[in-house]
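Colleague: Those sequence lines, one after another, are chains A and E. Taking the numbering used here, I'd label the letters of the first sequence as residues 68 to 239. Taking the numbering used here, I'd label the letters of the second sequence as residues 34 to 82.
Think of the hints as simulated: they come from the structure by calculation, not from any bench. It should be emphasised that the depicted structure is a prediction, and the values quoted were computed from it without experimental measurement. Please note: incorrect hints may appear among the correct ones.
[To be verified] Computed spacing ranges between beta-carbons, pair by pair: (1) E:59 with A:158: 29 to 35 Å; (2) A:152 with E:76: 30 to 36 Å; (3) A:112 with E:54: 31 to 37 Å; (4) E:53 with A:104: 32 to 38 Å; (5) E:46 with A:109: 40 to 46 Å; (6) E:66 with A:114: 45 to 51 Å; (7) E:59 with A:141: 47 to 53 Å; (8) A:115 with E:52: 28 to 34 Å; (9) A:152 with E:54: 19 to 25 Å; (10) A:119 with E:59: 39 to 45 Å; (11) A:178 with E:66: 29 to 35 Å.
C-beta atoms are modelled at their ideal positions from N, C-alpha and C, and glycine is treated no differently.
The residues making up each chain are set out below.
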Amino acid sequence: MSIDPLRYICEDPLERKWAWISLILAFVMGGVLGFYALASNLHPPSNVETIDSSRLHLSEEFAEDNLGVKSNADGSLTITMVAARYGFYPPRIEVPVNTPVTLRMASADVLHGVHVPGTNMTTMVVPGYISEVNTMFTRTGEFSLLCNEFCGLGHDHMWSRLVVVENSAGGQ
Amino acid sequence: MSQLTPEEEEILKSAPRGTFALMLLLGVLLLTGWAYMFFAMFVEHGPVS
């Protein structure tokens, strides 16, 4: 009979069995996550672009008139947004379902976060940097964009609306 | 402590099969719940990179 390697740290056979079950679960979960990440070529958002937060309105990309959803030549969309106490601008964006979306955000003041409950979209918006996330919304409906980094007394009221529509309805 | 019957002594000496079964059941439930959260909810919500 083979010798249990856990016998040095645990005498009780029941505890050792439970430890084995826990270890196997951890390895199975880690293995599935690793395989999925490698097979799908996923990696954490790692865009590093700097910008002067106090001059966003003077930059071409984050000037007020240029915010919102833009179509790219390859059919994907780029959403440009500004997070500032206490709101996201533009306050309502509309995108088609199952379309690759690049969200580019900059903060005009302090640290913000953006999270869309019901989707996997989440990122921090750090002053001085442009946050970029690539994603795709797989369900139609109205979603909230919420700030998930405490940014001041109005943090609780900092949100905007994301509307995911059918492809034929287009997006704006 | 009262005197144990031979049947009770036999039970005390035997392997705790009920506990093993409970441990396995908990492990399977945990794995099933995690798989549901990962595949049916997280992956279903689309990729993020």
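Colleague: Now, for every hint given, state plainly whether the structure supports it.
Modeller: Checked hints:
1. E:59 with A:158: 29 to 35 Å: About 47 Å separates the Cβ atoms of residue 59 of chain E and residue 158 of chain A, which means 29 to 35 Å is violated.
2. A:152 with E:76: 30 to 36 Å: Distance hint for residue 152 of chain A, residue 76 of chain E holds at roughly 35 Å.
3. A:112 with E:54: 31 to 37 Å: The hint (31 to 37 Å, Cβ to Cβ) is violated, given that residue 112 of chain A and residue 54 of chain E are roughly 44 Å apart.
4. E:53 with A:104: 32 to 38 Å: At roughly 34 Å between Cβ atoms, residue 104 of chain A and residue 53 of chain E fall inside 32 to 38 Å, so the hint holds.
5. E:46 with A:109: 40 to 46 Å: violated, 52 Å
6. E:66 with A:114: 45 to 51 Å: violated, 34 Å
7. E:59 with A:141: 47 to 53 Å: holds, 48 Å
8. A:115 with E:52: 28 to 34 Å: violated, 53 Å
9. A:152 with E:54: 19 to 25 Å: violated, 56 Å
10. A:119 with E:59: 39 to 45 Å: violated, 54 Å
11. A:178 with E:66: 29 to 35 Å: For residue 178 of chain A and residue 66 of chain E the Cβ distance comes to about 34 Å; the hint holds.
The structure does not agree with the numbered hints 1, 3, 5, 6, 8, 9, 10 stated previously, though it agrees with the rest.
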